[in-house]
Amino acid sequence: MDLQILLLLGQDGITNGAIYALLALALVLVFTVTRVIFIPQGEFVAYGALTLASLQTDKVPGTVWLLLGLGIIVALLDGAKLLRERRYAKLPPLLIANIGVPLIAAAGLFAMPPAQLPLALQVLIAMLLVVPLGPMIYRVAFQPLAGASVLVLLIVSVAVHVALIGLGLLFFGAEGSRTPAFTELSFELAGAPLQGQTILVVVASALLIIGLYFFFERTLYGKALRATAMNRTGARLMGIPPALAGKLCFTLAAAIGAFSGILIAPITTIYYDSGFLIGLKGFVGAIIGGLASYPLAALGAILVGLLESYASFYASAFKEVIVFTLIIPVLLWRSLSARHVEEEEE
Amino acid sequence: MCRLPLPALAALLAVAPLLLPEFTITLLNYIGLYAIVAVGLVLLTGVAGLTSFGQAAFVGIGAYTTAWLTTTWGWSPWLTLLVGLALTAMIAFFLGFITLRMGGHYLPLGTIAWGISLYFLFGNLEFLGGHTGISGVPPVTLFGWELKSGRDFYYLIWLVVLLAIAAISNLLDSRVGRSLRALKGGTVMAEAMGVNTPHAKIVAFLIAALLASVSGWLYAHLQRFVNPTPFALTQGIEYLFMAVVGGIGHVWGAVLGAGLITLLKQWLQDWLPQLLGQSGNFEMIVFGIAMVLILQRARDGLWPVILKQLPARHEKRQVATAEILPKRPLAAANSVLLEVHEVSKNFGGLVANNRLSLRVAAGEVMALIGPNGAGKSTLFNCISGVAPATDGEIRFIGERIERMPSRDIARRGMSRTFQHVRLLGQMSVLENVAIGAHLRGTQGVLPAALRLDRAEERGLLAEAARQIERVGLGEHMFDAAGSLALGKQRIVEIARALCSDPCLLLLDEPAAGLRYREKQDLAELLGKLRNEGMGILLVEHDMDFVMGLADRVVVMEFGEKIAEGVPESVQRDPRVLEAYLGGVD
Amino acid sequence: MKKTLLAALLTAMAAGAQAEINVGVTLSATGPAASLGIPEKNTIDLMPKMIAGQKVNYIVLDDASDTTTAVKNTKKLISEHKVDVVIGSTTSPNSLAMIDVVAEGETPMISMAAAARIVEPMDEKRKWVFKTPQNDAQMSTALVEHMTSNNIKTVAYIGFSDAYGEGWWNEFAKIAQARKLTLVANERFNRADTTVTGQILKILSAKPDAVLIGGAGTPAALPQKSLKEKGYKGVIYQTHGVANNDFLRVCGKDCEGTVLPSGPVLVVAQLPADNPVKKSAQEYVSKYEAAHGKGSVSTFGAHAWDAGLLLANAVPGALKKGQPGTREFRAALRESLEQTKNLSAAHGVFNMSAQDHLGFDQRARVLVTVKQGAWTFIK
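Protein chains in written order, with our numbering: chain A, 1 to 346; chain B, 1 to 585; chain C, 1 to 379.
Treat the hints loosely; a few may be bogus.
[Stated by the list, open to error] Okay, derived cross-link-like pairs now, DMTMM-like style, lysine to aspartate or glutamate, Cα gap no bigger than 25 Å in a straight line: (1) 265/B - 45/C; (2) 519/B - 560/B; (3) 253/C - 184/A; (4) 253/C - 209/C; (5) 49/C - 270/B; (6) 233/C - 58/A; (7) 253/C - 188/A; (8) 230/C - 184/A; (9) 148/B - 123/C; (10) 127/C - 146/B; (11) 127/C - 356/C; (12) 228/C - 188/A; (13) 125/C - 146/B; (14) 59/A - 289/C; (15) 233/C - 188/A; (16) 207/C - 256/C; (17) 174/C - 126/B; (18) 125/C - 152/B; (19) 371/C - 2/A; (20) 253/C - 58/A.
[Unchecked claim] Chain B regions said to be covered by chain C (calculated; three or more residues, Cβ under 8 Å): (21) 16-25; (22) 116-130; (23) 225-239.
Hints in this document: simulated from the structure, not taken from any laboratory.
In this text the structure is predicted, and so the values were computed from the model without any measurement.
We put the beta carbon where it would ideally sit given N, CA and C, even for glycine.
So that you can see chain A by itself, here it is in the shape it has in the complex (with noise of 0.2 Å):
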């Protein structure tokens, strides 16, 4: 093996790591505020990209009647609570956000062909179709769950991811989709030729890490959730609702994973069904981490990106047992080295 291809190896793992590091903090975040092990983290990968790609062969995307859908039974759940406690002020913001505002989107929709627009713009209505879902489906599947142990959560989250899944394909269909490079410039470097749309993935999560630092560091809901995930009894006796911190970090996690889908769209093809391995491997370098060490668990992705890389030129067929074995060393490592008097979970 030569040195372009030991760097062209690296390059590959590093992009793709990038994008895993970017899940493995959204996983990371969702854990620590609501102990809910995020499986369908892939999905809205997904959804990001194929709601963008449908966007640009002008069809409208199915992800709009999911927003609507899940917005009548969000509306229809907490309408319902504030008619009991009679609270009739909060009822028209809450019809406006989560009716009103997918209705005047799928209007929009038919009104306007969408391909006709600026790439820009359509990623932004892709992002606004997809990261209400985030919160809409704390609001309906996990909100009513909050006080359950982990195991319940989990299994509630792959029933979501369940669900997710079979709504693409209808959504969809089984083909997969690519969307064009956001640039069409190419470097070199030592040799090997070097995608711009390489590039921009890796600075653009790059860029994304750095702005999660700062939300957590200096911005007032960025230190609720901090302070949720620290200690959830404590955020809540600091006047910190759980409902909102979820409600809050879900909405995080669906960005994230949209704008990543976004973001790889052009140098991969996307299916309906792509996300669970992709959060998959995210969840790998989330746990890494310690489900709780953003630097870490960004590491760790990139270490996974690495192995996938190397074992894929090595023996592609033994591709997944490579890397997975290889995982579990590392995984024993990081929980011996975590080892300390437990305090028991029930």
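Add chains B and C to chain A, keeping to what the hints say.
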């Protein structure tokens, strides 16, 4: 553990094939296959608290072993069953040896990792037929009777299901079963009661893997075709799904979950096209939503919901009398039991205990007092082996124990309670206390599963009942431990500790949360134990309680011993007053 | 075709009112093989509702690309729905797993999966099993011929890490070695992989004259795009699995010049008028596109269509020997299927025999290339 009238059910199952249509039998066959794996998961995940996504891989090992050996080498399926079990045991032992050391979420991911690895290994090994699979697996023959049709095979499958359920129910209702159930509350308590927790985890893991392997063997001979997809991660997740939806804490929940999910899928397949037309594929969507709704309504699974609907069954509320268990010889009066010499414990840079020394003799109550954060519980953990000391020497009845795991220390006659109560809330007080008697029994998994352990079991339970009466909780013997007031739960912990027949008792704040009367009773009990020759080391904040009971007192502050002596002299010590009152001005 | 139908109609009328014919279908409309199974499912809707004057019911079940479910479905179709024939399934492992069930249920089965092992070697069980897709060997031969006549000496292979990629490799390697082609690389990738850079670099370092990609549907575009991106200049071959328009949409200009074998249905409009398959293939394409839009047709759906044609052709003969829903009818249907002669279908001309339950010849495959973003007939 709930016991349905097994014989009645067995009879019902036996006549079912004569009455039911062919396809119902087919479904029952698959339900049975899934249930066998799910029962294993109940033991592994529901009881021992170890979440595994990898069971499908063990099903695959069982299926592939028999498929390969019967088609390529012409071996008898009965022989390959044994080979498959042996192979599964070896692989499970190896995987368990590595992954079961992982705590928290490392374990589920570890199981995902080897689940995926094994799946792709099946698919890429040419002699196993690759991704395309092995066809032509022969049917099983029993005394010349070829189990070719689904109806014939039905009996074999459900025989295995019932045997598995009976064996696991028996196992859970035994000494080993209690030690497995103790794992869910964390390993610290189980270890302190003398349970070898790595061993217990491996046992649960092996049993679950072997059940999965048997299911795989049955699958291969029912399907007569084997390829990798049924053993993929998605199927591994589905097994867990079945167990959780059915009720992961209940053996019958596994059968219910397997049945429910299999039937639900069939109903959806039959009815959805009629409702929504044949153009789309709505089955997955509706299935996912249905599962979310079920778990929102019944988060512990459906079996507990069904149990609630049934009239309360008449449970046996009596503990059979049995011979008193042999007791260990008492240490000579006033001989030194525990000798702590210059023990230090550091957490990173923080020194929690600094060169601490103390002694406890037989027939003595020694109290350890000090403000919060003085390092009392840390010292308890060092002595009992929960978190070994960084430096120094600890002797117990003359033996160095500072490097021993807590189960070995427990075996030598030291028992303890915990500051934060570590009981299993769902289990009865009797069963909780019986965990304390773990080291006084010897019967293992096989005798328990076959009910050959009953004589010993009677002895252990009788002993537990005796200790419960002794601490005055006789009326709560069959209540769930979690339903008791916190103060009473502490007393249950004392009964559990006493059940191990200790010569030294470590009590961490035993009187906290007790009412005045209860404290008096406790003091009286401890006094009696002292008179019997037991050594007692206790941490307590209630000064009246301590000063009235203790023979000697050690006072700690900031990890160091600041005073030691009889209660009267310690109470007058200026350093003690300063520590407690912030100085005498 | 019309003549036989008419004849059948007449005999049926003569025989008077009879029981309805139940056709059980299990296919992979979800799961990894969904891109194959969905057009098949769409095609079932286009099949005749009446054959030889008998009402035909289609019971369609999804097996989610899973063997256990495929077997469960087959058992359900046979024991619950008492079907007279089973069509399915989409993938080779699923079809292989179903053989035992249909043989025991004495119900003929028409598979839509490629592996030759489904109907070979002929034995007591496989006598109940027929299949419509061309064998991978047949397709491989066409490719290897094209390679040798274009002076290609070394070939690299990259295929799906599943039964499809494996089946192609096995057949292709056998034939290529016999024809003195040197195989320089054998790589695998997963359908949903986001990158195949590692595999492509390995292939490039072996410097092959040509690369064969063994994948189905849009996922097969990823290695091709990767090869082009890394500057590969040799010929790239694909398999008939990619033959739908979604593949062209995703692959775009990177697929120009790609060569693949296919059933004639893919390029029906360009076939010479004397091609025996032209008319029957055209019928399918126009029916499918009328229902699902222009350019929506895929060759996988045509495998299902061919199964329907085989059935429509065999039922009249079988009706003479028994009532639908009886054991005699199923046995007669099996015999009748086995005697299919000169039946022009979407993918070729069927000539079955007791030994050959596929019955395709050279007419069942054409070579196709991609020119200006469209499938173009070579020969």
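Against the structure, the hints:
1. For a cut-off of 25 Å, the pair hint linking residue 265/B to residue 45/C stands: about 23 Å separates their Cα positions.
2. A threshold of 25 Å between alpha carbons decides the hint, and for residue 519/B with residue 560/B the separation of about 29 Å lies outside it, so the pair is violated.
3. Among the hinted pairs, residue 253/C with residue 184/A is consistent with the structure: their alpha-carbon atoms are about 15 Å apart, no more than 25 Å.
4. Between residue 253/C and residue 209/C the CA atoms are separated by roughly 21 Å; this keeps the pair inside 25 Å, and the hint holds.
5. Restraint check for residue 49/C and residue 270/B: the C-alpha separation of about 20 Å stays at or below 25 Å, so the hint holds.
6. For the given pair, residue 233/C sits about 34 Å from residue 58/A by alpha-carbon distance, which is inconsistent with the 25 Å threshold.
7. Restraint check for residue 253/C and residue 188/A: the C-alpha separation of about 23 Å stays at or below 25 Å, so the hint holds.
8. Restraint check for residue 230/C and residue 184/A: satisfied, since their Cα atoms lie roughly 15 Å apart, inside the 25 Å limit.
9. With a C-alpha separation of about 18 Å, the suggested pair residue 148/B and residue 123/C falls inside the 25 Å cut-off, and the hint holds.
10. Proposed proximity of residue 127/C and residue 146/B is supported: the alpha carbons are some 22 Å apart, at most 25 Å.
11. For the hint linking residue 127/C to residue 356/C, the alpha-carbon distance of about 10 Å falls within 25 Å, and the restraint holds.
12. About 16 Å separates the Cα atoms of residue 228/C and residue 188/A, which keeps this hinted pair within 25 Å; it holds.
13. For the hint pairing residue 125/C with residue 146/B, the CA-to-CA distance comes to about 17 Å; that is within 25 Å, so the pair holds.
14. With a C-alpha separation of about 19 Å, the suggested pair residue 59/A and residue 289/C falls inside the 25 Å cut-off, and the hint holds.
15. For the given pair, residue 233/C sits about 19 Å from residue 188/A by alpha-carbon distance, which is consistent with the 25 Å threshold.
16. With a CA separation close to 20 Å, the supplied pair residue 207/C and residue 256/C stays within the 25 Å bound.
17. For the suggested pair residue 174/C and residue 126/B, the alpha carbons sit about 15 Å apart, so the restraint of at most 25 Å is met.
18. In summary, the hint linking residue 125/C to residue 152/B is supported, as the alpha carbons are separated by about 20 Å, within the 25 Å threshold.
19. Only pairs whose Cα atoms come within 25 Å are accepted, and residue 371/C paired with residue 2/A is rejected, the gap being roughly 36 Å.
20. Between the alpha carbons of residue 253/C and residue 58/A the distance comes to roughly 21 Å, so the proposed pair stays at or under 25 Å and holds.
21. For the region 16-25 of chain B, the stated coverage by chain C holds: 3 residues have a C-beta nearer than 8 Å to a C-beta of that chain, and at least 3 were required.
22. Under a criterion of three residues with beta carbons nearer than 8 Å to beta carbons of chain C, the stated coverage of the region 116-130 of chain B is upheld, 4 such residues being counted.
23. Against chain C, the region 225-239 of chain B contributes 4 residues with a C-beta closer than 8 Å to a partner C-beta. That satisfies the three-residue criterion, and the hint holds.
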